[in-house]
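Below are the chains, spelled out letter by letter.
Protein chains: 2
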Amino acid sequence: MPERKGNYTISFTNKPQVVGYAAAVGKKESEGPLGSFFDKAFTDELCGEKSFEKAETHLQKTAITTALKKAKITKNDIQCAFAGDLLNQCIGSSFGMRDLKFPFSGLYGACSTMALSLVLSGVFVDSGAAQNTVAAASSHFCSAERQYRYPLEYGGQRPQSAQWTVTGAGCVVLSNQPKHTSRTVIDRAIIGSVRDLNVTDPNNMGAAMAPAAAQTIAQFLTDTDTKPEDYDLILTGDLGSTGSRLLIELLKDENNIDISGVHNDCGVMIFEPETQDVHSGGSGCGCSAAVLCSYILDNMAAGRLKKVFFVGTGALLSPTSTLQKESIPGIAHGVLLINQ
Amino acid sequence: MPERKGNYTISFTNKPQVVGYAAAVGKKESEGPLGSFFDKAFTDELCGEKSFEKAETHLQKTAITTALKKAKITKNDIQCAFAGDLLNQCIGSSFGMRDLKFPFSGLYGACSTMALSLVLSGVFVDSGAAQNTVAAASSHFCSAERQYRYPLEYGGQRPQSAQWTVTGAGCVVLSNQPKHTSRTVIDRAIIGSVRDLNVTDPNNMGAAMAPAAAQTIAQFLTDTDTKPEDYDLILTGDLGSTGSRLLIELLKDENNIDISGVHNDCGVMIFEPETQDVHSGGSGCGCSAAVLCSYILDNMAAGRLKKVFFVGTGALLSPTSTLQKESIPGIAHGVLLINQ
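If you read the protein sequences in the order shown, they are chains A and B.
Numbering that gives the first Met the number 0 numbers the first residue of the first sequence as 0 and each following residue consecutively.
Numbering that gives the first Met the number 0 numbers the first residue of the second sequence as 0 and each following residue consecutively.
Chain A with its partners taken away, still in its complex shape (with noise of 0.2 Å):
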């Protein structure tokens, strides 16, 4: 039954079971460093499909039918699942969840929508709500960059702060079932609250989501009495590595607290930034998901990583709210996922 916490944060007391696992990714992620850590790359851009956007229906299905496979689990036994998107009426899933047929909550959280999925299945498994729930997020390179920015062939130059959008999805299969034996449980969980310091260009995100990566993250420890150390890893997604150095210097100057030597970043990861182009690193939904459900959890089932805290991080806008003037709104919620 979850208890609270401090003032925020959720404990878990059943901790859900981590019990199965998959990440999805194109090309162009497939050649980063992770490459070897995804159960699936696609070579082309369409998985298959005649549009980017069921292209990414595509991607989210893959990885949430292969996570159930690893799970051992059937269609039929996943009570809920949580998911959600970069696309404008959160497409990408609900088309998915039409052919899964899961009782679906459709969630709309940005790039941090992994980690409010598994916030909210970490809920319904602790609490019995449901026995195996399935929390899922994914973004497409093709489909985000022509409905957020430009026609994908008008090959605009894009600024040293701007992140890459991944073609990747990534999902997580919770368990209250006392027959699976999985190392990895979620222990914890905080969900965030907006934060806006008044960053208006849609082309420095990092900037806009780091002062809500620092609350989230400086609340964590405040209500669990932890410090930065107690942690294998503090992993944000996705920050990019602009908005990875403002979170450090933001918790220092705020916070007194300095993670730096337990913090990595989703975005930062997943592509090479020497050779791949992607000038502040990834982003998208889908950036997060990918990482956590391959490199991370597969370190985490083989001892190598015991304690992360993993932070999701959104930034709420539209280009609706840019063309408006609107400053960008930034959110992060969080899950300490520890081996038992």
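Because the hints were derived from the structure by calculation, they are not lab data.
All residues carry an ideal CB built from backbone N, CA and C; glycine is no exception.
Hints are all accurate, no fakes.
Label pairs and their computed distance ranges (CB to CB): (1) A:253 - B:69: 34 to 40 Å; (2) B:68 - A:257: 38 to 44 Å; (3) B:248 - A:159: 58 to 64 Å.
Fit chain B to the known structure of chain A by using the hints.
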């Protein structure tokens, strides 16, 4: 602590209390049959803001702050807010949450959002993951019309099956704190799965959503071993008159269930069909939110309604999916509200 009841239904043992609720609407809604029940009606469609999108945020914030005041709960006591809307990237909700500063879980369920936010709120409050939550949803005729259909100035004709997007918002505050003595509680909840019977006409959302509503209602009645006559009201939102007719037919044909004696629909209730020129009725996240958080919960508080199964219905399409010739997936989530 939530328990599973049947295959899909969640049963709440601690009975989260409805400790506050409020609805804020626009001028047309205030002139309809339920006009006198809304907490706040704006005569200016911009609600004093500079754009229709900001006006929608204003509506949602008004519903939330009014509900908190009626609940005698301060902003700091809210441990999670669940909210969503129809705008791209859900900016109607996220920009309001920037000011309210609640821990915030963004949802996308199209017009089913009010029901989905109540289901998730119920699980959080029942399980102890939160003591007090906010569940909210909103829509605005002008922001929706120009995003989904045509520029407002165009004045295109609409077929009789089309619905009119409600300018409105609703909010429910739930609590597990024993100091409250509310009559009305959430007893059960069900998260629906996507159903798509290949309806492709975006001017007939009622037909697209009715199959999902039928599925959720039939599942709930099976899980709980109850009959339509066991309820004072089975309230869908927002099928409109076309969708309501189809729902009643579908349940008779497919499940041999007759809900005609206890059914009503928020989209049918909110406007006067003869004089308000809304064709099939109201729609939009704000429709069921505003009707539930005024007339319905008022009648429950007064004891005139004691057992209401509220089923929010959503059409999970986007303008892009329609252009790509996709059919329209529907979803429906339900909560059972009872008087103790």
